[in-house]
Structures are given as structure tokens and as C-alpha cells.
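Asks: Below, each chain spelled out in residue letters.
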Amino acid sequence: DQQVKQNSPSLSVQEGRISILNCDYTNSMFDYFLWYKKYPAEGPTFLISISSIKDKNEDGRFTVFLNKSAKHLSLHIVPSQPGDSAVYFCAATVGQGGKLIFGQGTELSVKP
Amino acid sequence: GAGVSQSPSNKVTEKGKDVELRCDPISGHTALYWYRQSLGQGLEFLIYFQGNSAPDKSGLPSDRFSAERTGGSVSTLTIQRTQQEDSAVYLCASSLGWAFNEQFFGPGTRLTVL
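Protein sequence lines correspond, in order, to chains A and B.
Numbering-wise (my numbering), the first sequence opens with residue 1459 and increments by one.
Numbering-wise (my numbering), the second sequence opens with residue 383 and increments by one.
Derived by calculation from the structure, the hints in this document are not laboratory data.
Do not take every clue at face value.
[Said to hold, decoys possible] Listed next, with one range per pair, are the computed distances between beta-carbon atoms:
1. S1509(A) to G398(B): 29 to 35 Å
2. K397(B) to H1534(A): 43 to 49 Å
3. E1473(A) to D438(B): 26 to 32 Å
4. G398(B) to I1476(A): 47 to 53 Å
5. T395(B) to Q1539(A): 37 to 43 Å
The beta-carbon is built from N, C-alpha and C at its ideal position, and this holds for glycine as well.
Isolated chain B (complex conformation) (with noise of 0.2 Å):
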């Protein structure tokens, strides 16, 4: 496929459990986002991993959030001990690097924590 995909598209969680999320950036791209969006909001940027750079974390709200690229593709979003607050859509991106502002999006992945 030419786009960025997500999947699952849609989870359900109780609260306490763990969930990962997956992102298959748009071939040749270099650089993956992470983006959330709750209800009524806008995004909000979680992390960003740039090649073979040390990945920006700053926007993950707690350590119970963590990311992981391997190969310089695929990425996985893990929540450990998920709380009602982490229901929220979340997004990811790619952009073909460094020097390129234009993000790619995902459709998401629409996190409900009961």
C-alpha cells in the first residue's frame, strides 16, 4: 500500500492491561511520528524517531508509555497499565526525513480503555 498503515483500528481494554499499538510507515520514509488525540482535542505529539538517531520522547505523557522502531520501519506504541485517560486516538505519521515538514498520517487507532 502507498499510505501509512495502523492496526488495530479500533481496540477495547479493560484498565491495568497492556496494549501495543502498531505503525507501518510509508515506504522510504525515514522519519515516524506518534500523534494522540483525545476527544475534542488536538494532536498531540508523543515521539518521533529520526534513521538511526536517538528518538525525541519529550511528548510521552508518563513512563507507562514507551516506543520502539525496529529495522528503521515498523513501529510499536506500548501503554503498560493502561488508565481510562489514555482512551484517545492515536496517530501516526511518516515524513521522508529530517529536511521535510509534510507528515504523512495514519488513520489511527482508536484506544478504549473501560
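The shape of chain A in the complex, shown without the other chains (with noise of 0.2 Å):
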């Protein structure tokens, strides 16, 4: 069972617009999220993370937002440049330090 699901295998924005990538999840003891880019034939690089005691998470252009009660959370980027054109995982655990379960990712392409 898929745990962590990102639903948009792929999306494509314009250059300096805003980005939205969506990760839904059905493990309510999941109590800390987090975002990695990829690129590829590259690791998966930490881009922000968020605890479940908070709603909304910014760190320069990216800003990460979770809703609880749908079990939903969404990055956004703002404004999107290509050089953020990469996949995009979401990640789920519970507690500290133990495994992520990764979403599949969504692939963003940024136009010029």
C-alpha cells in the first residue's frame, strides 16, 4: 500500500510563476514531512521540511504547507526558475531519525 502519494506524475509552469506540487498520505502517526529535489544521476537533495505541530513552513522561494485533516500537503515555489526544473519527492516519517517513505515524485519542467 501506497502510503505517501504524489498523484501528478508531471508539471509544467512557466518561468517566474508559481509552482504547486501536491503529496497526499494515509498514515495519521506520520508526524514530520520533508521535500527533495532530484536530479538526474544525482542523490535526492533536502530542499524543507515541516512538523506536524505546524502548519506552514518558508525558507526563501519554497514555502511548504500542511493540512492535517485531509493529509495533504503541498510545496510551492514562487517565483519558479528553470533552474528548479528537477523531480520532486515528498517524504514521510514518524519520529526521529527512523526511514522515509517516499512519494514517486512529480517531475517539473520550468519554461522560460
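Mind docking these for me? Both chains are given alone in their own frames, and the hints should help you get the complex.
Replies: Structure follows, in C-alpha cells:
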């Protein structure tokens, strides 16, 4: 069973506009969520995270929103840049330091 | 080097052969993780080492898969009698320890079983 789902395999956005990547989860025990960015032939790199005690976390152009009642989180990138083109994975974990459960990824393409 | 390193970067093997994949975590990181990414899929957890505690092996798909971590640093993932469905990118990650959720990933080893 897929506990973390990213239902959009791809997203195309114009440079300068907002990119919104979505993620849903089913396990109510998840209490920490992360977004990773992955370029081809490289490992994922950490982007931003959020604890379940918060509903928003912002870091520069990146903001993550968490809606616990809907078991939904989203990553907003404003403004989008061509260098943001990559595959984005959301991940979730229970407690501290344990395994991450990943979604299938969304490939973002930002067009100049 | 400052990051997680993995070797080899690519491995092509024949069905039925054994393979060993190596991971060097970031110095000082006590937690080490193995994941794999099959074509078009997300990352799938395999195994997790934390200090001297017993590893969490709950993600290993079969008893053909094993891993060890020597001296609390380098880790080796071994796949015995490889099958074509083992073809994937195997990713290693490390973190500062049990209190830290951010994991730092290596570039991965692309395994192809013919």
C-alpha cells in the first residue's frame, strides 16, 4: 500500500509563475514531512521540511503547507526558475531519525 | 569529501551472480540508510543502521539481500543470486543520528541485472 502519494507525475510551469506540487498521505502517525529535489544521475537533495505541529514553513522561494485534517501537503515555489526543473519527492516519517517513506515523485519543468 | 559517496556508480551483472555495493557516509553521521529506486518509482526503504543498535531490516525484500556496517562507518549492501527485478538505483543516505530527520543522499549505484 502506498502510504505517501504524489498523484501528478509531471507539472509544467512558466518561468516566474508559481509551482505547486502536491502530496497526500494515509498514515496518521506521520509527524514529520520533507521535500527532496532530484536531478538526473544524482542523489536526492533536501529542500524543506515541516513538523506536524506546524501548518506552514517557509524558506526563501519555497513554502510547504501541511493540512493534517486532509492528510495533504504541498510545496509552493515562487517565483519558479528554470533551474528548479527536477523531480520532487515528498517523504514522511514517524518519530525521529527513522526511515523515510517516499512518494513516487513529480517531475517539474519550468520553461523560460 | 564532504558528502556521501557510493561505489561503483554503475554495475552490470548476470542473473544469479552476487553483487556488493559500498557506501561511505558523511564523517560523524551515526545513522545510515539504504533505499532503492526502481524505474518510474519512488524511493523504497531497505535497511537502517543507527550507532550500535540492531539495524532496522524491515524493508529488505528477500533474504537474498543483506547489509553490514563496519566500525560504525562504511556500509556494504550485498545481493546474492541477483534477479532481473533487482535492477534499480541503490541509494545510500546518512544523518547525524536518531534525533535528526534530514538525510543526506549519495549519488547512487545503478544496478543492471541481465
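Asks: Run every hint past the structure and note whether it holds.
Replies: Hint check:
1. S1509(A) to G398(B): 29 to 35 Å: 46 Å, violated
2. K397(B) to H1534(A): 43 to 49 Å: Distance hint for K397(B), H1534(A) holds at roughly 45 Å.
3. E1473(A) to D438(B): 26 to 32 Å: 42 Å, violated
4. G398(B) to I1476(A): 47 to 53 Å: 51 Å, holds
5. T395(B) to Q1539(A): 37 to 43 Å: Taking Cβ atoms as reference, T395(B) and Q1539(A) lie about 40 Å apart, which means the hint holds.
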